[in-house]
Amino acid sequence: MYRIDKEIDIKTEDYSFSADEHDYINDLSEINEADSKEFENVGIETDDQNRSATFILKDMSVVHCKSKQAGIDVLTITEAMDKYEWLKDYMWKDISPDKDEFTTLAKEKPSGGFFIRSEKDVKSQQPVQTCLHISKEGFSQNVHNVVIAEEGSELHIIAGCSTSAHMKNGLHVGVSEFYVKKGATLKYTMIHDWGEQVNVRPRTVTHVEEGGVFISNYISLKPVGSLQTNPVTYLDGKDSVAIFNSVLVAGPGTDMDTGSVVFLRAENTRAEIVSRAITTGGRIIARGSIIGEVPGVKGHLECKGLILNNGLLHAIPELEAHAPNVEMSHEAAVGKIDQREIEYLMARGLNEDEAISTIVRGFLNVDIEGLPASLVKKLDKAITDTQDDMM
Amino acid sequence: MLHIEDLKVEIEGKEVLQNVNLHIPEGETHILFGPNGSGKTSLMLTIMGYSGYKVTRGRITFKGVDITYLPIYERARMGIGVSFQRPPTINGLSTRQMVEICARDRKIDVDKMADQVNMRGFLERDVNNNLSGGEIKRSELLQLNAQQPDLVLLDEPESGVDLENIAILGENINSLLNRGIKRSKGEMHKGLMQKRKKSSLVITHTGHILDYITADRGQVLNNGVLQCSQNAREILKWIREYGYKECIQCTE
Numbered sequence: 001m002y003r004i005d006k007e008i009d010i011k012t013e014d015y016s017f018s019a020d021e022h023d024y025i026n027d028l029s030e031i032n033e034a035d036s037k038e039f040e041n042v043g044i045e046t047d048d049q050n051r052s053a054t055f056i057l058k059d060m061s062v063v064h065c066k067s068k069q070a071g072i073d074v075l076t077i078t079e080a081m082d083k084y085e086w087l088k089d090y091m092w093k094d095i096s097p098d099k100d101e102f103t104t105l106a107k108e109k110p111s112g113g114f115f116i117r118s119e120k121d122v123k124s125q126q127p128v129q130t131c132l133h134i135s136k137e138g139f140s141q142n143v144h145n146v147v148i149a150e151e152g153s154e155l156h157i158i159a160g161c162s163t164s165a166h167m168k169n170g171l172h173v174g175v176s177e178f179y180v181k182k183g184a185t186l187k188y189t190m191i192h193d194w195g196e197q198v199n200v201r202p203r204t205v206t207h208v209e210e211g212g213v214f215i216s217n218y219i220s221l222k223p224v225g226s227l228q229t230n231p232v233t234y235l236d237g238k239d240s241v242a243i244f245n246s247v248l249v250a251g252p253g254t255d256m257d258t259g260s261v262v263f264l265r266a267e268n269t270r271a272e273i274v275s276r277a278i279t280t281g282g283r284i285i286a287r288g289s290i291i292g293e294v295p296g297v298k299g300h301l302e303c304k305g306l307i308l309n310n311g312l313l314h315a316i317p318e319l320e321a322h323a324p325n326v327e328m329s330h331e332a333a334v335g336k337i338d339q340r341e342i343e344y345l346m347a348r349g350l351n352e353d354e355a356i357s358t359i360v361r362g363f364l365n366v367d368i369e370g371l372p373a374s375l376v377k378k379l380d381k382a383i384t385d386t387q388d389d390m391m
Numbered sequence: 001m002l003h004i005e006d007l008k009v010e011i012e013g014k015e016v017l018q019n020v021n022l023h024i025p026e027g028e029t030h031i032l033f034g035p036n037g038s039g040k041t042s043l044m045l046t047i048m049g050y051s052g053y054k055v056t057r058g059r060i061t062f063k064g065v066d067i068t069y070l071p072i073y074e075r076a077r078m079g080i081g082v083s084f085q086r087p088p089t090i091n092g093l094s095t096r097q098m099v100e101i102c103a104r105d106r107k108i109d110v111d112k113m114a115d116q117v118n119m120r121g122f123l124e125r126d127v128n129n130n131l132s133g134g135e136i137k138r139s140e141l142l143q144l145n146a147q148q149p150d151l152v153l154l155d156e157p158e159s160g161v162d163l164e165n166i167a168i169l170g171e172n173i174n175s176l177l178n179r180g181i182k183r184s185k186g187e188m189h190k191g192l193m194q195k196r197k198k199s200s201l202v203i204t205h206t207g208h209i210l211d212y213i214t215a216d217r218g219q220v221l222n223n224g225v226l227q228c229s230q231n232a233r234e235i236l237k238w239i240r241e242y243g244y245k246e247c248i249q250c251t252e
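Those protein sequence lines, which keep their order, are chains A and B. Numbering (the numbering used here) for the first sequence: 1 to 391. Numbering (the numbering used here) for the second sequence: 1 to 252.
If you are wondering where the hints come from, they were derived from the structure by calculation, not from laboratory data.
Just the calculated beta-carbon pair ranges, DEER-fashion: (1) E352(A) x N36(B): 24 to 34 Å; (2) R340(A) x G133(B): 17 to 27 Å; (3) E327(A) x E124(B): 24 to 34 Å; (4) P71(B) x D23(A): 54 to 64 Å; (5) N26(A) x N129(B): 46 to 56 Å; (6) K336(A) x H23(B): 37 to 47 Å; (7) N118(B) x G71(A): 39 to 49 Å.
Below 30 Å or equal to it, Euclidean Cα-Cα: the simulated DSS-like pairs (lysine-lysine) are: (8) K83(A) x K120(A); (9) K107(B) x K381(A); (10) K378(A) x K107(B); (11) K109(A) x K168(A); (12) K99(A) x K182(A); (13) K112(B) x K377(A); (14) K336(A) x K14(B); (15) K182(A) x K88(A); (16) K99(A) x K168(A); (17) K37(A) x K378(A); (18) K54(B) x K336(A); (19) K377(A) x K107(B); (20) K83(A) x K109(A).
Heads up, the beta-carbon is just placed ideally off N, CA and C, and yes, glycines get one too.
Given only the sequences and the hints, what does the whole structure look like? Please build it.
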């Protein structure tokens, strides 16, 4: 039996907080082959013609930070703090360093982080890409990021996180504060590819103003030691929207406890949380929580899981309504692949393995809006690899 | 094309087909009549090789090969295709992708094919998701059109289809079986007849489909036994006039 209440004990003092400096790279094409391969796996392109801006943090060194588009500001968080006095009002606003031992680490032992801002009415022509990479064994990378989509702007960020192939153990803490201003859209697509014993603790808070849209896509198909995250989003302004899609695959030894919390705080706000989880021997807790605080809000949670071979799936959808006239619903389903679907595909000429692959690929095929074609291809390949691991 | 000899089939230890003998020669369409629960769908799924349908006696030969124990996909690749009555939805797999799967290595124009069965608007939708009865039939026919099987098994192609659409459906079935009388410019009747190599077995409960497709022969299945093999229209007349009970009695 897999235990639901298994505690994952992380001793932060076991990690190191210093790492060798890595040289700054002026041109992305100069990134060494090993790194560039790792980056590509998480959606980071080393040919930057399809990207508006790029930020790469390796251990605690910023190896690249450049924007090609006017009005799309990309800085290291330290530079940004020097440059913008007002930034302090955006930092540690709704998340305290005392929240837990990990937020404390981000405050006390910072490794850096990014600041990304789209100016008023500016639309990122191509996605901005950020990469947080750990290459030092036993390193604790503690980052603090701030993203601001100013009024009427549109910002798409592809955030890849990875570790070097040789890396086994490490810790990644990420405090992220996102601000989606009036009428702005922030699309944040996160792709994780960690090491087998890496512990990952993102802590994210997002505020969305009137008419703003926040779309968060999270994809983790590769083994990770443990991942625990439960980002909180506040829909503060009327007509604002939050959409969360996650695609999770957990093999043996992987522990995932992920969720999303959305507070519907203003008239006509709307939230949708969709997750697809497959375990092939790992443990996945898929949470989702929508809190309706005022009348006239809508929320839907959808959580579907497949257990292939073995594993634990615990779906915890929660709805909380504090006002009349709210529309909130959830559906959760956990199970195995339906034999009827397999045989249907076989009757069309696929053999059993092909049929199962096709069903799994379809299952994970959450409609992730706005993914660049190259990334879709890559994900497709990652999903195929996942299947190979499962068979 | 298809030979079934002395076939006995069980589902979970319960006998559903007792002694079925059936021969469908190349190019012929046979109609399988039978009351509800008589084993029509079981026979079809047994021919396709579905799990749960255990053959305890007899054998099925297709194109001269004993396929009694072959896996489903090998039968499909040999040229057997089914239009299912209630096919499952596969989430995340669009009808377009499904049609491409059916075509295997053949080059096809999915849009054009979808237009023929009025399914263009459904191509991007998950296969079978939220389809009406009639839409399911059209989707199944579209898939079979891409698959181009030599033996087509149709499970109640008319059920759930409104009167307006049943004629279009019949026409599509005829064209799938190369039995349509619509010919392309310059094509002679003879040429059309020579193309007619496909065989089919059409399951029907009501027989309505016979108004729209032509059949060479009819069979009546009752209680797991094939009891009659005659002209399909003649059988239908009897069933319509006297019901299944009388019809079956004629052979007893």
